[in-house]
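All chains should be built: construct the whole structure from the sequences, respecting the hints.
Residue numbers (full-length UniProt numbering), protein chains in the order written: chain B, 1 to 460; chain G, 1 to 460.
Don't take every hint at face value.
For the chain B half of the interface with chain G, some residues (derived, Cβ under 7 angstroms), not all of them [stated by the list, open to error]:
| # | residue |
| --- | --- |
| 1 | E17 |
| 2 | P114 |
| 3 | Y158 |
| 4 | Y176 |
| 5 | E182 |
| 6 | G185 |
| 7 | V378 |
Which stretches of chain B does chain G cover? Using the computed rule of at least three CB atoms under 8 angstroms from a CB of chain G, they are [stated by the list, open to error]:
| # | segment |
| --- | --- |
| 8 | 81-88 |
| 9 | 379-386 |
| 10 | 425-437 |
Calculated from the structure, these hints are not laboratory results. We put the beta carbon where it would ideally sit given N, CA and C, even for glycine.
Next come the chains, spelled out residue by residue.
Protein chains: 2
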Amino acid sequence: MRVMTDPERATKILLTEAEMPRQWYNLLADLPTPPPPVLHPGTLQPVGPDDLSPLFPMALILQEVATDRYVDIPEEVLDVYRLWRPSPLFRAHRLEKALGTPAKIFYKYEGVSPAGSHKPNTAVPQAYYNAQAGITRLTTETGAGQWGTSLAFACAQYGLDCEIWQVRASYDQKPYRKIMIETFGGTVHPSPSELTNAGRAILAANPDSPGSLGIAISEAVEVAAQDPNTNYALGSVLNHVLLHQTIIGEEALRQFAQIGMTPDVIVGCTGGGSNFGGLTFPFLREKLAGRMDPVIRAVEPASCPSLTKGVYAYDFGDTAGMTPLMKMHTLGHDFIPDPIHAGGLRYHGMSPLISHVYELGLIEAVAKSQQDCFAAGVQFARTEGIVPAPEPTHALAACVDEALRCKETGEEKVILTALCGHGHLDLAAYGAYLAGDLVDHELSRDEIAEFVAALPAVPA
Amino acid sequence: MRVMTDPERATKILLTEAEMPRQWYNLLADLPTPPPPVLHPGTLQPVGPDDLSPLFPMALILQEVATDRYVDIPEEVLDVYRLWRPSPLFRAHRLEKALGTPAKIFYKYEGVSPAGSHKPNTAVPQAYYNAQAGITRLTTETGAGQWGTSLAFACAQYGLDCEIWQVRASYDQKPYRKIMIETFGGTVHPSPSELTNAGRAILAANPDSPGSLGIAISEAVEVAAQDPNTNYALGSVLNHVLLHQTIIGEEALRQFAQIGMTPDVIVGCTGGGSNFGGLTFPFLREKLAGRMDPVIRAVEPASCPSLTKGVYAYDFGDTAGMTPLMKMHTLGHDFIPDPIHAGGLRYHGMSPLISHVYELGLIEAVAKSQQDCFAAGVQFARTEGIVPAPEPTHALAACVDEALRCKETGEEKVILTALCGHGHLDLAAYGAYLAGDLVDHELSRDEIAEFVAALPAVPA
Numbered sequence: 001m002r003v004m005t006d007p008e009r010a011t012k013i014l015l016t017e018a019e020m021p022r023q024w025y026n027l028l029a030d031l032p033t034p035p036p037p038v039l040h041p042g043t044l045q046p047v048g049p050d051d052l053s054p055l056f057p058m059a060l061i062l063q064e065v066a067t068d069r070y071v072d073i074p075e076e077v078l079d080v081y082r083l084w085r086p087s088p089l090f091r092a093h094r095l096e097k098a099l100g101t102p103a104k105i106f107y108k109y110e111g112v113s114p115a116g117s118h119k120p121n122t123a124v125p126q127a128y129y130n131a132q133a134g135i136t137r138l139t140t141e142t143g144a145g146q147w148g149t150s151l152a153f154a155c156a157q158y159g160l161d162c163e164i165w166q167v168r169a170s171y172d173q174k175p176y177r178k179i180m181i182e183t184f185g186g187t188v189h190p191s192p193s194e195l196t197n198a199g200r201a202i203l204a205a206n207p208d209s210p211g212s213l214g215i216a217i218s219e220a221v222e223v224a225a226q227d228p229n230t231n232y233a234l235g236s237v238l239n240h241v242l243l244h245q246t247i248i249g250e251e252a253l254r255q256f257a258q259i260g261m262t263p264d265v266i267v268g269c270t271g272g273g274s275n276f277g278g279l280t281f282p283f284l285r286e287k288l289a290g291r292m293d294p295v296i297r298a299v300e301p302a303s304c305p306s307l308t309k310g311v312y313a314y315d316f317g318d319t320a321g322m323t324p325l326m327k328m329h330t331l332g333h334d335f336i337p338d339p340i341h342a343g344g345l346r347y348h349g350m351s352p353l354i355s356h357v358y359e360l361g362l363i364e365a366v367a368k369s370q371q372d373c374f375a376a377g378v379q380f381a382r383t384e385g386i387v388p389a390p391e392p393t394h395a396l397a398a399c400v401d402e403a404l405r406c407k408e409t410g411e412e413k414v415i416l417t418a419l420c421g422h423g424h425l426d427l428a429a430y431g432a433y434l435a436g437d438l439v440d441h442e443l444s445r446d447e448i449a450e451f452v453a454a455l456p457a458v459p460a
Numbered sequence: 001m002r003v004m005t006d007p008e009r010a011t012k013i014l015l016t017e018a019e020m021p022r023q024w025y026n027l028l029a030d031l032p033t034p035p036p037p038v039l040h041p042g043t044l045q046p047v048g049p050d051d052l053s054p055l056f057p058m059a060l061i062l063q064e065v066a067t068d069r070y071v072d073i074p075e076e077v078l079d080v081y082r083l084w085r086p087s088p089l090f091r092a093h094r095l096e097k098a099l100g101t102p103a104k105i106f107y108k109y110e111g112v113s114p115a116g117s118h119k120p121n122t123a124v125p126q127a128y129y130n131a132q133a134g135i136t137r138l139t140t141e142t143g144a145g146q147w148g149t150s151l152a153f154a155c156a157q158y159g160l161d162c163e164i165w166q167v168r169a170s171y172d173q174k175p176y177r178k179i180m181i182e183t184f185g186g187t188v189h190p191s192p193s194e195l196t197n198a199g200r201a202i203l204a205a206n207p208d209s210p211g212s213l214g215i216a217i218s219e220a221v222e223v224a225a226q227d228p229n230t231n232y233a234l235g236s237v238l239n240h241v242l243l244h245q246t247i248i249g250e251e252a253l254r255q256f257a258q259i260g261m262t263p264d265v266i267v268g269c270t271g272g273g274s275n276f277g278g279l280t281f282p283f284l285r286e287k288l289a290g291r292m293d294p295v296i297r298a299v300e301p302a303s304c305p306s307l308t309k310g311v312y313a314y315d316f317g318d319t320a321g322m323t324p325l326m327k328m329h330t331l332g333h334d335f336i337p338d339p340i341h342a343g344g345l346r347y348h349g350m351s352p353l354i355s356h357v358y359e360l361g362l363i364e365a366v367a368k369s370q371q372d373c374f375a376a377g378v379q380f381a382r383t384e385g386i387v388p389a390p391e392p393t394h395a396l397a398a399c400v401d402e403a404l405r406c407k408e409t410g411e412e413k414v415i416l417t418a419l420c421g422h423g424h425l426d427l428a429a430y431g432a433y434l435a436g437d438l439v440d441h442e443l444s445r446d447e448i449a450e451f452v453a454a455l456p457a458v459p460a
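Spelled out as structure tokens, the structure:
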């Protein structure tokens with residue numbers, strides 16, 4: 001008989017591998033209204049499977065439009081998941097004490113994965129389904145580098161080649177990411193590159209372009225579309241990506257059940273929305289069913305505020321306009337983020353599904369400054385011992401806000417934070433923060449207006 | 001009732017926090033003969049507690065000479081250990097498959113700790129006992145940076161200042177280590193520095209000195225000895241350090257008991273010996289008691305082969321000759337390692353306790369080249385998803401050798417490997433290896449002769 005840990009005293013709430021969820025959860029099955037359709041940019045009609053088949057295997061296309069509530073996780077994917085899953089749920093005893101809060105703070109930690117973030121949760125099934133379909137190479141973009149690392153790892157598991165366009169600013173700032181991708185067997189190009197029409201056009205206009213996720217997506221999509229043995233993989237935004245990430249929330253539900261608690265507030269950072277959707281959608285199911293009532297709060301950078309300051313409109317997923325049109329919160333596909341030391345979350349658009357859920361009023365959103373985020377990250381490192389990636393410091397900053405409100409009101413709220421990765425390869429950003437050199441830039445609506453004005457015209 | 005995982009199929013063998021060992025194991029209680037005494041460098045008589053009290057708190061001095069079989073771990077230390085302990089034992093299913101071996105390969109992974117290695121296992125109790133004794137600052141050396149990071153983290157837990165001398169070559173090659181130490185609140189100086197007599201003397205002789213652990217120890221010891229509120233902390237070599245690390249092996253024993261297996265071969269890398277001792281000493285207890293009979297094999301770099309090519313003699317622990325004399329396998333305290341991309345393990349001496357155990361014939365030792373080590377590290381990353389620190393790639397290279405021997409003989413040996421840390425902050429070394437630029441240097445006995453000739457004369 002195994003000795004179990006006192007739930008109130010536990011630091012780590014763990015699941016055994018046998019307790020790992022065997023299905024992903026599809027929020028589309030439970031929403032009161034479906035999200036607006038994805039449109040073909042030429043016809044402005046809803047896209048069908050054939051429109052997507054040059055880029056994705058049919059298994060993923062079907063998942064993209066599936067309305068089944070649950071999707072079985074293949075055994076071959078579960079086998080790889082077991083390298084790090086189930087991931088731990090931590091009780092932040094030492095952070096609570098440092099804050100002097102009566103709140104109970106929990107964090108679901110995805111930094112235990114091979115890439116150090118939640119990204120392998122979808123990289124692995126994407127590589128698997130592509131390998132099953134006979135594809136031999138995947139292309140993709142990467143910003144901070146987490147996604148590229150994850151896909152390179154996943155491709156190594158199923159014998160696929162992996163070619164990655166990394167946003168130039170990140171490529172220059174984070175040389176370790178390139179090496180880690182190469183260690184897993186992947187190939188990395190800085191983006192914009194001379195290897196694609198999209199890249200050459202950008203470089204012709206601006207040889208010093210720092211790049212953007214939108215540009216890198218254009219390059220990866222262009223290469224994949226030209227070769228029948230090559231497909232493209234996206235690390236966030238799309239429905240099937242968020243579907244794969246729901247294993248995070250499904251585990252967290254089981255972990256809270258183990259200690260007999262439910263969260264009152266859930267905070268997660270949002271870039272494209274996959275970590276946030278992955279943790280929160282299973283809780284949203286419970287909320288929609290009336291079984292619990294957590295406040296669910298998205299946290300984005302004040303320098304890239306698609307939910308809090310962007311418009312809700314049809315836009316391209318990439319800069320060159322090669323992708324279908326998706327209705328989403330967007331800063332405009334021409335948006336180029338400042339090349340500031342702040343990791344990912346620097347995408348012009350927000351997942352259409354997250355955008356829709358936000359429009360339905362099922363979630364809240366706030367924006368945080370870089371200074372607040374890194375301050376929370378340093379405090380977290382010194383108390384909990386994990387140096388968070390810049391992305392989840394946004395969630396931590398919002399978590400600290402909530403915990404300090406509880407200190408004022410005396411409320412013993414249970415706060416669940418998405419700690420989606422560690423910051424080992426982002427330490428240059430911490431160095432800049434500690435040296436007082438961190439460049440902060442709160443994007444104004446005026447600055448966004450220029451990009452938003454260029455959105456494609458789509459009849460209502 | 002919790003659902004448990006099939007032992008044969010499991011990837012991770014986990015212990016609950018309640019199952020975490022509550023005592024460290026002291027091998028001195030079970031050895032057939034005690035190791036030779038530590039000597040005062042002036043009198044050549046065995047040192048007493050008073051000789052050590054300018055540097056260490058009495059609790060650690062008593063642990064250094066204790067002969068009790070078990071030492072209770074303080075509750076305040078267990079509270080911090082729970083941030084990452086018990087650490088997982090992994091079955092390397094995917095590496096086994098890639099090698100085509102009938103051997104069952106397990107690795108005990110210490111990279112889940114705040115610093116990313118086993119070092120916090122002793123940093124935390126060292127900081128705790130010093131805080132209990134009223135000390136307000138700790139000084140130390142660091143080579144690859146794991147130990148400095150660990151002590152900075154530990155000091156943050158108990159409110160101590162932490163000042164670190166980092167070997168110059170590593171300071172220049174690994175800027176992220178400095179930032180991580182600073183994120184935890186520590187202060188870092190490159191060594192040799194202008195801040196100490198020892199550092200100034202080295203710089204006067206060689207302004208471009210790449211430094212060494214021996215030099216950095218001299219600097220840290222000098223500063224600690226001058227201030228009654230400051231103590232010194234050592235990250236390896238000493239008995240109390242190895243004592244604290246035995247929680248690794250105690251956990252591994254419980255994890256093997258959980259799946260009903262015992263290891264036939266245990267391999268671990270050795271620099272000062274703390275990770276190796278920490279994993280293997282509890283198994284050595286079982287071996288000495290006749291309850292199991294594993295082969296225990298130390299693996300060291302061919303470029304710093306203290307066990308396989310050094311002499312067994314009294315030597316200083318530091319370069320300036322400020323420490324007591326310890327009988328150990330040594331390359332001579334003047335030894336300066338090549339500033340090659342290979343992380344830690346670059347210390348001139350070996351733990352006296354490991355050296356004694358080696359002389360008793362209770363363990364074996366082999367040396368591995370950098371090429372073999374990084375090849376094993378890359379294969380491990382691509383199969384198991386963890387990029388290992390350069391140090392444990394030595395153990396992995398020896399593990400691969402053993403597994404391939406099993407492939408030839410058909411033996412289904414159970415191999416336990418000490419995976420003492422991840423390589424996220426050592427990726428530059430992987431970059432050099434992948435680019436074919438890794439400098440390899442197998443140290444010859446002739447090269448060592450010069451340093452060994454300068455050993456202090458100690459009558460037998």
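Going down the list of hints, with the structure as the test:
1. E17: holds (4 angstroms)
2. P114: The hint holds - B:P114 has a Cβ within 7 angstroms of chain G, the shortest such distance being about 3 angstroms.
3. Y158: violated (12 angstroms)
4. Y176: At about 4 angstroms, which falls below the 7 angstroms cut-off, the nearest Cβ of chain G leaves the hint on B:Y176 intact, so it holds.
5. E182: holds (5 angstroms)
6. G185: Because about 6 angstroms separates B:G185 from the closest Cβ in chain G, which is inside the 7 angstroms limit, the hint holds.
7. V378: holds (6 angstroms)
8. 81-88: Since three or more residues must qualify, the claim that chain G covers the segment 81-88 of chain B holds, with 3 doing so at under 8 angstroms.
9. 379-386: n = 6 at 8 angstroms, threshold three: holds.
10. 425-437: This one holds; 6 residues, not fewer than the three required, reach chain G with a Cβ under 8 angstroms.
The structure is inconsistent with hint 3 alone, although it conforms to all the rest.
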